[in-house]
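Protein chains: 2
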Amino acid sequence: MTKKQSLEEVGRSLHRNAIHLLRRLRAEDSAMGIGPAQASALSVIVFGGPLTLNELAEAEQVRPPTMSRVVEALVREGFVRREANKDDRRSVIISPTDKGTKTMHEGRNRREKRLIKLLSKLDANEITCLEKGSIILSRILAADDS
Amino acid sequence: MTKKQSLEEVGRSLHRNAIHLLRRLRAEDSAMGIGPAQASALSVIVFGGPLTLNELAEAEQVRPPTMSRVVEALVREGFVRREANKDDRRSVIISPTDKGTKTMHEGRNRREKRLIKLLSKLDANEITCLEKGSIILSRILAADDS
DNA sequence: TTTGCATACTTAGCATAGCTAACCGTTAGC
DNA sequence: GCTAACGGTTAGCTATGCTAAGTATGCAAA
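Chains A and B supply the protein sequences, listed in that same order. With the first letter of the first sequence counted as 1, position 18 gets the number 42 in the working numbering; the numbers rise by one all the way through. With the first letter of the second sequence counted as 1, position 119 gets the number 143 in the working numbering; the numbers rise by one all the way through.
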């Protein structure tokens, strides 16, 4: 097998598995009572500290209008706060509320329990394999700038 | 580090990377002129041979009404065909058209070029690592029945 | 045979999330 | 101070997820 064919197969496999893994975990997100985009954004807000809407949109790789609506839903549910930025009154600072922080930690636990349940069928060697693979993936994703 | 902590870390890492990988590839799917759910379903139809709507829904892990609408869109665009099943006239056999097959191969090429561009920074050993990890992932996802 | 339940799929209706275009208020550069 | 750029929102479209309910077919038991 040529190197290119091998790359194609690995890529295809990664793609399908990423899709299915996320579909599996989505159920846990929705147990939090919020959709996947809201859950992911709330995670960034809770664990990544207060930030502006544009920063959040960039972190989540969506357009500002999309993020604006996601934040609106999170505000409506009381998970986050919008505050005026004193330095630049055009922009908005988004911070987690106590409820948002608490919910996110619970949600993360639930999602991770699900993952742990999946992963616990593996032996130590297989875990190491997955771990290495994931690290490699994160490295090439971070290095990719397009 | 305990085994549980290790599992948590691997799980979190996998989750994050799956999200980012898919966001990166979404642009290539939409270059085909169809959304991600349609692209994924078309892939199964083209490479997995003719199959019924229920089989397709199960393969994609969505409910039948969702898949029914996805197939409807694919039929409207001329990518797939719905045919009566002679053996059981309740069910429908979904097959790719020539256009669907051609488009899927092109789309796959485009998506894979993107992936290959990402993966080609790696050496053979790292590719092997990713490959093993992906295979392990697919195995536990397939084995998980909840 | 017919009656009645189960199965395969569709339709209707709702919510979330993605996008672009167009708008408003603020800031900054000339 | 005028104008261009920027941060964010609003409006409106599409895609995709769901449940509930409807239709047509198949199967099995009375």
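Hints were generated in silico from the structure; no laboratory data involved. Every residue gets a Cβ at the ideal spot worked out from N, C-alpha and C, and that includes glycine. Honestly, I wouldn't trust all of these hints.
[Unchecked claim] Here are the simulated DSSO-like pairs of lysine-lysine, each with C-alpha atoms no more than 27 Å apart in a straight line:
#, chain 1, residue 1, chain 2, residue 2
1, B, 110, A, 156
2, A, 156, B, 145
3, A, 123, A, 145
4, A, 141, B, 123
5, B, 141, B, 156
6, B, 126, B, 137
7, B, 137, A, 145
8, B, 156, A, 156
9, A, 110, A, 123
10, B, 137, B, 123
11, A, 156, A, 141
12, A, 126, A, 137
13, A, 137, B, 145
14, A, 137, A, 156
15, B, 156, B, 145
16, A, 137, A, 123
17, B, 137, A, 156
[Unchecked claim] FRET-style restraints, in silico, Cβ to Cβ:
#, chain 1, residue 1, chain 2, residue 2, range
18, B, 51, A, 148, 56 to 66 Å
19, A, 96, B, 97, 23 to 33 Å
20, B, 133, A, 134, 37 to 47 Å
21, B, 82, A, 113, 25 to 35 Å
22, B, 134, A, 162, 19 to 29 Å
23, B, 82, A, 112, 42 to 52 Å
24, A, 148, B, 71, 33 to 43 Å
25, B, 102, A, 134, 16 to 26 Å
Legend entry - Those earlier numbered hints the structure runs against, lowest number first: 1, 3, 4, 7, 13, 18, 21, 25
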